[in-house]
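S.K.: Listed below, chain by chain, are the residues.
Number of protein chains: 2
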Amino acid sequence: MTSTVLTQFMAELLSGKIKIVDLTETLTPDFPTITLPPEFGQAWPFRIEEISRYDERGPAWYWNNFSMSEHTGTHFDAPVHWISGKDQPNNCVDTIPLDAFIAEACVIDCSVESKDNPDFLLTIDFIKQWEAQHGQIPARSWIFMRTDWSKRDKRTEYLNQKEDGAHSPGPDAEVVPWLVKERDVHGFGTESVGTDAGQAQHLDPPYPCHYFMHGNNRYGLQCMTNLDQLPPKGAVIFSAPLKIRSGSGSPLRVLALTPTSPH
Amino acid sequence: MTSTVLTQFMAELLSGKIKIVDLTETLTPDFPTITLPPEFGQAWPFRIEEISRYDERGPAWYWNNFSMSEHTGTHFDAPVHWISGKDQPNNCVDTIPLDAFIAEACVIDCSVESKDNPDFLLTIDFIKQWEAQHGQIPARSWIFMRTDWSKRDKRTEYLNQKEDGAHSPGPDAEVVPWLVKERDVHGFGTESVGTDAGQAQHLDPPYPCHYFMHGNNRYGLQCMTNLDQLPPKGAVIFSAPLKIRSGSGSPLRVLALTPTSPH
Ligand SMILES: [Mn+2]
Ligand SMILES: [Mn+2]
Numbered sequence: 083m084t085s086t087v088l089t090q091f092m093a094e095l096l097s098g099k100i101k102i103v104d105l106t107e108t109l110t111p112d113f114p115t116i117t118l119p120p121e122f123g124q125a126w127p128f129r130i131e132e133i134s135r136y137d138e139r140g141p142a143w144y145w146n147n148f149s150m151s152e153h154t155g156t157h158f159d160a161p162v163h164w165i166s167g168k169d170q171p172n173n174c175v176d177t178i179p180l181d182a183f184i185a186e187a188c189v190i191d192c193s194v195e196s197k198d199n200p201d202f203l204l205t206i207d208f209i210k211q212w213e214a215q216h217g218q219i220p221a222r223s224w225i226f227m228r229t230d231w232s233k234r235d236k237r238t239e240y241l242n243q244k245e246d247g248a249h250s251p252g253p254d255a256e257v258v259p260w261l262v263k264e265r266d267v268h269g270f271g272t273e274s275v276g277t278d279a280g281q282a283q284h285l286d287p288p289y290p291c292h293y294f295m296h297g298n299n300r301y302g303l304q305c306m307t308n309l310d311q312l313p314p315k316g317a318v319i320f321s322a323p324l325k326i327r328s329g330s331g332s333p334l335r336v337l338a339l340t341p342t343s344p345h
Numbered sequence: 083m084t085s086t087v088l089t090q091f092m093a094e095l096l097s098g099k100i101k102i103v104d105l106t107e108t109l110t111p112d113f114p115t116i117t118l119p120p121e122f123g124q125a126w127p128f129r130i131e132e133i134s135r136y137d138e139r140g141p142a143w144y145w146n147n148f149s150m151s152e153h154t155g156t157h158f159d160a161p162v163h164w165i166s167g168k169d170q171p172n173n174c175v176d177t178i179p180l181d182a183f184i185a186e187a188c189v190i191d192c193s194v195e196s197k198d199n200p201d202f203l204l205t206i207d208f209i210k211q212w213e214a215q216h217g218q219i220p221a222r223s224w225i226f227m228r229t230d231w232s233k234r235d236k237r238t239e240y241l242n243q244k245e246d247g248a249h250s251p252g253p254d255a256e257v258v259p260w261l262v263k264e265r266d267v268h269g270f271g272t273e274s275v276g277t278d279a280g281q282a283q284h285l286d287p288p289y290p291c292h293y294f295m296h297g298n299n300r301y302g303l304q305c306m307t308n309l310d311q312l313p314p315k316g317a318v319i320f321s322a323p324l325k326i327r328s329g330s331g332s333p334l335r336v337l338a339l340t341p342t343s344p345h
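Going down the list, the protein sequences come from chains A and B. Residue numbering for the first sequence follows the numbering used here, beginning at 83 and increasing consecutively. Residue numbering for the second sequence follows the numbering used here, beginning at 83 and increasing consecutively.
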């Protein structure tokens, strides 16, 4: 009833040889939620309400009620979220195969480019330059686009809303189907509020990351932080969404396991 | 930048040598929530509301808003949940050290005893009998009390509410401090709606599992399922709560990693 690898895995965790990095933003009412044009339905921001705190409402216990959307805070996108993924098998958070919740990540550092240009679009060429340095993206890897967007002021510079809409980086319309077909990636993850760029409604197709990833039964992660603490390759990502019946996505805790010593 | 153990771990996962078992109940409005006497504050059951489904409210996307409590569905109890744990360091879901979210489990099979007696209380003697068969409980292990309670009819037999209150199994008042002091356990997990027995208000102290576990900065898991699919020892449990600011607990996805072949 033992697995040598599981035993060694626990031993390395306990001895600190494997380090855990929290890629999750804290859920508070201030955390920015995506805002759509007013004719569309809106996602709830996080709201919390105390039930009791060692008081007459509950003398020995403290607890809270809360409300939010499936796409509030650091969260997971299931294929059913997008119309292109609506007929994929096992496309909801409660039916996705469990092994999808544990996968390695390749972290593409676009922080300098995104600082210079909030509308920066990740391209096939940019990925090929990354591969020239780090080797080909292994199949079934998350692609995490590091932009340092999580370090921006959450109230003013995160959604980065201007008169013509939001401005934040994301993948272009060519690189997403290429990542699926040529690299068989697991999904796409970002630090910004969505997996697509702020101006992705103007791309062809609109919202290419949602369209192609979910249309090919792949996943999304967004509103992540601490991507700058990950190695370019080799981090193992635990990202298990809540088991919401027919859920299109879910807030979740995203943890990365990485080797402690960088060699 | 590589860890041999992490690489082997992923290889065993992908090849099916390590199996993932979902210990999580599906979040639906029907899932039973604990009900307190009417003078106390109450936890919200799970409620879900469609924002759009490929329609005029959002032509290309489907998503939902939802509400619940920190203690709804399969969930994690943080030490701050109980008054005995209120001054412990790092006692909220957003401050608990990350390595607390990955730990091995010892599964104590009380399913026969709980079927015969819904008020069954787990004792030190019962644990010692388990240890005679499986060896001493290793430090920093979850103790999971298997009762097959998750197989009961959720509407009628799960809370098992009678005129004198709820009737469901749990630990007695002696075994909990013994597990903390003598076995240095990580926490206590159950299939029923709480970590304490349904009639635990009559024990001394009342709710001993909450009182002693959280008073010693240990954790709780409840409303789990599929404990009958775990080996008595050696399963590695991933149980990372949402990062709710100052949260007393959290609904979460609980996954167990186990060796596929039982030898
Ligand atoms: Mn989303
Ligand atoms: Mn609880």
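The hints are simulated quantities; they were obtained by calculation from the structure and are not laboratory data. Accuracy of the hints is not assured; some may be wrong.
Within a straight-line C-alpha distance of at most 30 Å, the following computed DSBU-like cross-link-like pairs (lysine-lysine) qualify [to be verified]:
no.	chain 1	residue 1	chain 2	residue 2
1	A	LYS244	A	LYS101
2	A	LYS101	B	LYS99
3	B	LYS99	A	LYS263
As the structure is a computational prediction, the values presented were derived from the model and not from experiment.
S.K.: Compare the structure with each hint and give your call.
M.R.: Status of each hint after checking the structure:
1. This hinted pair does not check out: LYS244 (chain A) and LYS101 (chain A) have alpha carbons roughly 39 Å apart, beyond 30 Å.
2. Restraint check: the Cα-Cα separation between LYS101 (chain A) and LYS99 (chain B) comes to about 24 Å, which is no more than 30 Å; the hinted pair holds.
3. Distance restraint check for LYS99 (chain B) and LYS263 (chain A): the Cα-Cα separation of roughly 27 Å lies within the 30 Å cut-off, and the hinted pair is therefore satisfied.
The structure is inconsistent with hint 1 alone, although it conforms to all the rest.
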